[in-house]
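Asker: Residue numbers (numbering that gives the first Met the number 0), protein chains in the order written: chain A, 0 to 470; chain B, 0 to 490.
Quick caveat, the hints were computed from the structure, so don't treat them as lab data. Beta carbons are placed, not taken as given, at the ideal position from N, Cα and C, and that holds for glycine. Certain hints may be false.
Quick partial rundown of chain A residues pointing at chain B, CB under 10 Å, derived from the structure [stated by the list, open to error]:
no.: 1; residue: Asp300
no.: 2; residue: Gln304
no.: 3; residue: Thr409
no.: 4; residue: Thr438
no.: 5; residue: Ala443
Derived CB-CB ranges, DEER-like [to be verified]:
no.: 6; chain 1: B; residue 1: Lys421; chain 2: A; residue 2: Ile446; range: 52 to 58 Å
no.: 7; chain 1: A; residue 1: Gln278; chain 2: B; residue 2: Gly144; range: 41 to 47 Å
no.: 8; chain 1: B; residue 1: Arg271; chain 2: A; residue 2: Glu310; range: 40 to 46 Å
no.: 9; chain 1: A; residue 1: Gly8; chain 2: B; residue 2: Asn122; range: 31 to 37 Å
no.: 10; chain 1: B; residue 1: Tyr352; chain 2: A; residue 2: Gln278; range: 56 to 62 Å
no.: 11; chain 1: A; residue 1: Leu431; chain 2: B; residue 2: Met277; range: 39 to 45 Å
no.: 12; chain 1: B; residue 1: Gly274; chain 2: A; residue 2: Gln278; range: 20 to 26 Å
no.: 13; chain 1: B; residue 1: Asp400; chain 2: A; residue 2: Asp302; range: 32 to 38 Å
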Amino acid sequence: MVVGDVTTGTDVLVIGGGPGGYVAAIRAGQLDLDVTVVEMDSYGGTCLNHGCIPSKALISATDIAHRAREAERMGIFADPAVDMQGMVTWKDRLVTRLTKGVESLCEGAGATVLTGRAEFADENTARVVQAGEGQGAESISFEHAVIATGSRPIEIPNFEFDGEYILSSRDALALDAVPEQLVVVGAGYIGMELATVFQKLGSDVTVLEQLDDALPTYEDDVTDVVVDRAEDLGISFEFATAATDWEETDDGLVVHTETEDGEEDSFEGTKCLVAVGRQPVTDTLNLEAVNIDVDDRGFIDTDGQGRTSLEHVFAVGDVAGEPMLAHTAFAEGEVAAESIAGEPAALDHQAIPAAVFTDPEIGTVGMTEAEAAGAGFDPVVGQMPMRASGRALSLNEREGFVRVVADKETEFILGAQAVAPEASELIAELALAVEMGATLEDVASTIHIHPTLSEAVHEAVKGARGESIHY
Amino acid sequence: MVFEFELPDVGEGVAEGEIVAWHVEVGDRVEEDQVLAEVETDKAVVDLPSPVDGVILELHAEEGEIVAVDSVVVTIDVDGEEGAAEEEPSEEAESPVEAEQTPATDEADPTSVPEGRVFAPPNVRRLARELGVDIGTVEGTGPSGRITEDDVRAADAGDESAVVEQREEDPADDTAETTTPSSIGTSQPAESAERDRTLAAPATRRVAKEEGIDLNAVPTEKTRNGEAFVEEADIHAYAEAQQAAQKADATGADKADETARITTEPYRGVRRTIGQRMEQSVYTAPHATHHDTAEVSALVDARTELKGRAEAADVSLTYMPFVMKAIVAGLKEYPVLNTELDEENEEILYKHYYDIGIAVATDAGLMVPVVENVDEKGLLELAAETNDLATRARERKLSPDELQGSTFTITNFGAIGGEYAKPVINYPETAILGLGAIEERPVAVDGEVVARPTLPLSLSIDHRVIDGAEAAQFCNTVIEYLENPMLLLLE
Ligand SMILES: Cc1cc2nc3c(=O)[nH]c(=O)nc-3n(C[C@H](O)[C@H](O)[C@H](O)COP(=O)(O)OP(=O)(O)OC[C@H]3O[C@@H](n4cnc5c(N)ncnc54)[C@H](O)[C@@H]3O)c2cc1C
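The following block holds chain B by itself, in its conformation from the complex (with noise of 0.2 Å):
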């Protein structure tokens, strides 16, 4: 018998995962819960078991492919008769981009019929079944969201770069790609605009006269009073574009040395979540950012004390531990600063419970593993699940829902080194901390300027919930429990 694996819903309404690795190969013997591949969505990396025992007729896509959930990624022959393998044609691993060829039936699941409305026309809703893309999944650019042909074609093939490399194979189709002012390097002049009429202010005018450019050549997307309208970054941008321009033409470079100057990589799975995120976050909740220091050396000294006992009981203890019982001394106080904007209902939501999110670096980007209930656990139970947690996500072994429900977050790039940075809020939370190094800085005691180990923190808000003053006072009782470690006791 042969079966017809379909990537299953890896994680909680994740509706694609990108193959990052098959661990077998055509004709493979595979045994039930054998790891067939490991498949990254844009929450987590997992394993993907086998289902059945079998062996490997076809693997239905290739190692950095995106598949959409419930469309058929192996076949394996459950009962192992290898021969069967020659029935089974593997043209669609062979060229996945390839999406008009119509795939052997048996891999589509026609008879599938989503539930509920589909806004795509029937010829479109047709294709997808010939290439057994879920059609409830897809999502649409056409108006308002319908669902168009390219689309499905996107969704089956991965994504736009499977577009892109399409484009490559044919020649014919270069023109369609160079006309964006971002393809620079591609010794193509930057893009001009060509309009008969151009609003600007004066100060911007001067500008561009000195930069040499006309202003009616300047791409920009606003308008003023229905006229195009340039601001002065506009016009260093068109500058810059015409500049990189001139040189590639200069160099003469030929394709190949365009190729090395400039590579790409494909912005997908965590990396575009994040930027998603960023995106959101930022054009979303106007941040303000408040700076403040805290004098650690106390912390410093308790830290010390009982780091010994800590990994007597095999836990390596932080500062971690105790920023976070300080930021939820903070929360309590400031309410303010545990809650979420629910913009539909026009209603500001206040947490009363502290699950607070530890921003990670990993290899493939930010990760914001959760640590629940801060206020109920002590500081080498906070300790040990930070540790763990951390691991976990730079090896990509959290499990979605770790990943998700925190009501504050914190980030520590002074781990990485710096004093004070700007922290994106992790929407749609409220306040973000970000905390420095503690290193040894010159602090004024009693009139005098002395070294001390200092915590330097920059705190975002989200100017529409927070207020400054709220800010402020957040961050002196932060800082006093920082200061005053002590204080912890009567948490």
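Chain A with its partners taken away, still in its complex shape (with noise of 0.2 Å):
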């Protein structure tokens, strides 16, 4: 033991303060158990510092930026002028409000809140290591722990992030100017996102894909509409390129790529943000003390309870695998925070939706007509043109659609996918609906608000049924 160390105990340590581990250490607190969470950075993790709320915040005041200048059809005529460090100012008050709205949940909630890097000692105790150099350690023994030290950005050969040219989704969050060309590495979710944040934005942006396709875990029917915006928008995609390397150049830099049949080319711009994907954190835990199973990414296995191969410890949110969401990351945390009070909770869900803040947003749960057919299922389709909305085209919108996938017999609905304006919103409907076992009957006879986008849902499970009115 270090000197200066001293020992007390807690019932549930939960290692992390990101939506998996704050939300168990919330959970954990309410269920009576003595919780104490450590965070070695910032409470609220990726999702409040540098992931979902931040770029979420930016995606919305951009939009606002790009909307007025696009009015001219509906008779605005505008060019509104972006101050983006006031807009970089204003996205890090509301974190700074979200992050110690976070801290005071978990005390409220009766848990412990520490600062600091907890890391293993042996499978009952673990060591708090305090920033900063001379300081004491805590040692906290524990009767269950729970892992939810999250992920962070992969990095691809010859990228190594600097926060000056190359930079991961973080650093760009960050960003006080516009830069004048941004290339972006990756078009998934993240690199999506972020493109159309700078294009927007008034940057020139271009993203190199590997892959044939954007968003490659959507269906084409979907990401054709995104990738259309995208382009109307000027962002310039080259799929199929790899980036391999980058030099410094006056103006900034610029990225070499290759394709397949190894044709060579590169790319100016003033900064690079690469987003190919995130790995999990787990060498800040010291995990060789104890004996928890990895699979071969490095994501920690889990059970049904989020259970680790170790009985008493859990492991939560990004650092348990896919899907890397924060909303799986909260049902984690609280599943594992009940398992550990002896309630029978599971990760029984039947979906789990999810969503691209694109324009137009992606949103889906469940299943696709593919999946479904491929489980055995005789699907039945339903989809609603947003053109044939009147709620769309009155906010200016015409592209996308709500498409529902039901079991032709049975009626449930089994799955959906929208592209549409504010699809993460529409779809909570179907996924509710997907977690009930609701029937196509069941939302067919719900009356939607008249004019909403929510019709439009509406209208695909009426469609589904050979039932569609207003298309």
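Hints given; two lone chains; assemble the complex.
Answerer: As structure tokens, this is what we get:
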């Protein structure tokens, strides 16, 4: 033991204060467990500090300017000036407010909230290492632990993040000036969201993607709508193109690429954002001190309650694998805390909805038509194009659709895909339907407010029953 | 170490089983493979062997209770420290009906997350975990088959009978029980429908008048043009129900008497399976039945002659193997009787093998063990196999796979007595042959009535697939073989 160490004990030690960790801590506190949560950086984790919230803040802010500029058809002529520093300050203020909120929610639930890096000493003890030289460490003995250490962006060879030329998503969200030209490596959801933000802010954005299409986890007709709009905005795409290296130039940098057939090319930029995926953070934990299994990508293996190969240790959130989403982390955090409290909780969710905050947004839940057929259902599909929605048109929007997939015989709703304005909100209704085991008739018989975008959900469902009214 | 023994899948696709009898008690020491209980599924009765050595800490079900596959039935202390028993509360075993109570969490297997989609809302799925019910095995009764809380409770408590028991304990719930006219004998008047308007044929109206019954009071689910529609049978049923109710009132029968007049027996296990199969067969396949008689003097002689030889081989030779052979001859000539109708794909499946099911009456009800490849077996082999299957069926020791896969079925009701019947097809087969008793009966020979042994035959067919002419032709062939057993030599 290090000199100056003090040992305390706790029922539940939560490591990491992101969505997985803070929810586990709050829920454990609500269940009257003695809980300690330790965060080495900033409460709220990636989501609040460098992910969901800052990115959505910038997306909304730039969209206000963009829509004002594009509203000539509506009789509005404007060219708003954007003060990037002002926008970032606004974003930082709201982030601080939310992170403080997280800390006080944890405290309010009775959790002990610590700052420092927690690492395992053995299977029932962790040391909390304070930042800064010469600080003592606190040893915490625990009955149960919840690992919620999250993920970090993956670096590709030759593209080390330096915050100056080669940016991670975290760096990009903290820029105080709009780069004239931006090269984005990776057309996943983070790359697509940030490419849209910077193009709307006036950057000239080029997206390089190794695969043949953007957002490869979504169906083609869904991504087509988003890619078409992005191209209309002025973003250029280079698919099947891998970034191999880069060099500094007078105005910034040049990124070298190569296609599969060995064709080389290069793209100039003021800066380069690399967003090619995220990897689990386990190297902060001294995982060697305990016997916890990880998979070949380094994610911690867990069961239906989030339990690791060590009976009393749980792992939640990004560190426990796909899908790496904040709301998955929330759900896993709750289930882990309830399981520790002896409740019969389980991750038996029928589907995890997902959204991409591009223009227009994508929202999906459950099965696609092909997946439903693959799972042995006889799928029936209903689709409502947004150009038939009065509300969409009155918002000056016409692209996209809402689609619902159901089982033909029982009418159970199996999934839905929306690419539409506010698709992330629209999908919530269908997520509830999937989770409840609702049928097409249940949703078709529900009155939806007119005029709203949610009517598109209603029409898609009615369409699946061959009963569309407005389309 | 405490071992939670979950009910294994004791037969192919079996979702639940009834604990017929426990062979052990709490505190007993058991050895691996020792029989812990007898479990009856809808297919057979099987023994439940202990997977470990140890001491029984808790039995999680009572005799007669239905247990879902994968739910814990026995807790065994594998080290055999008997003191450990105190730690395990046996609340659940004492009140299996109390579904609300949360069992010790280690009984449920809350970590198990069902594969694939489950159509049940989150609260129902949680309840299933709480009660240790595998939601994947619960049959839903909600819209489109969605699983409800009640479904999970029923699966946990055994079945509907448990729900009824619970109600009887709670007099406040009495009203809930008496909503159907079938609750005759509870001295409640038969429930009347009280409509304003009822459609019925003039003849039906006349019957109602004769019986002194108000048509608007007769319960019915039938409609014509959206209006309630009553038929004569509905009136009779209603009249009878009312009379029964009046009688009960008149005798002033109190509750004790009522229970003596009608006792109940749970409708489940083999009984319920038979019921479901019969219902499915009769409501799916339009039955037609063809009757004929074989004059079997030659068959009786043949059997008498062969019997001694069979006994020498330790086989008791009945008429059954001859009948089976005659049937195979008939099926070969008229393959349409060895078929199955695939309604979904709109195809008739012709089977070019001859696996014959033999319906056997047992104490628990009808079972149909299957003799495979009858065409390839000799009479003695068939006799031995049939006898063995029948014996084990009566002892309920058949394995589920011995009870499935027949292509044609024989029912030998004549073993008990009788001439003709209307057998119900063993669906999805398309034909079944019923055998009456072989007895001497009057037969006309050359203008004179003489006594001859005859075998009355009753053949039911699925008229969707088989026509009457084919049924008659098939019977003719079977009769030809039964009357001339020498023909079997050519087979
Ligand atoms: C740009 C961007 C946009 C995103 N947008 C969305 C979105 O719109 N919707 C969505 O659902 N998801 C989004 N995500 C993903 C989301 O942010 C993550 O899924 C979520 O944050 C995961 O939560 P977590 O608790 O598992 O991990 P994190 O949020 O990563 O939190 C882990 C925390 O643990 C701390 N930590 C690590 N090791 C230790 C240690 N040894 N001791 C103490 N503390 C430690 C870290 O400092 C960190 O704060 C986005 C991510 C990015 C990068």
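Asker: Would you mind marking each hint as holding or not holding in the structure?
Answerer: Results of checking the hints against the structure:
no., hint, verdict
1, Asp300, "violated, 13 Å"
2, Gln304, "holds, 5 Å"
3, Thr409, "holds, 4 Å"
4, Thr438, "holds, 5 Å"
5, Ala443, "violated, 13 Å"
6, B:Lys421 x A:Ile446: 52 to 58 Å, "holds, 54 Å"
7, A:Gln278 x B:Gly144: 41 to 47 Å, "holds, 43 Å"
8, B:Arg271 x A:Glu310: 40 to 46 Å, "holds, 42 Å"
9, A:Gly8 x B:Asn122: 31 to 37 Å, "holds, 35 Å"
10, B:Tyr352 x A:Gln278: 56 to 62 Å, "holds, 58 Å"
11, A:Leu431 x B:Met277: 39 to 45 Å, "holds, 42 Å"
12, B:Gly274 x A:Gln278: 20 to 26 Å, "violated, 59 Å"
13, B:Asp400 x A:Asp302: 32 to 38 Å, "holds, 34 Å"
When each numbered hint is compared with the structure, violations occur for hints 1, 5, 12.
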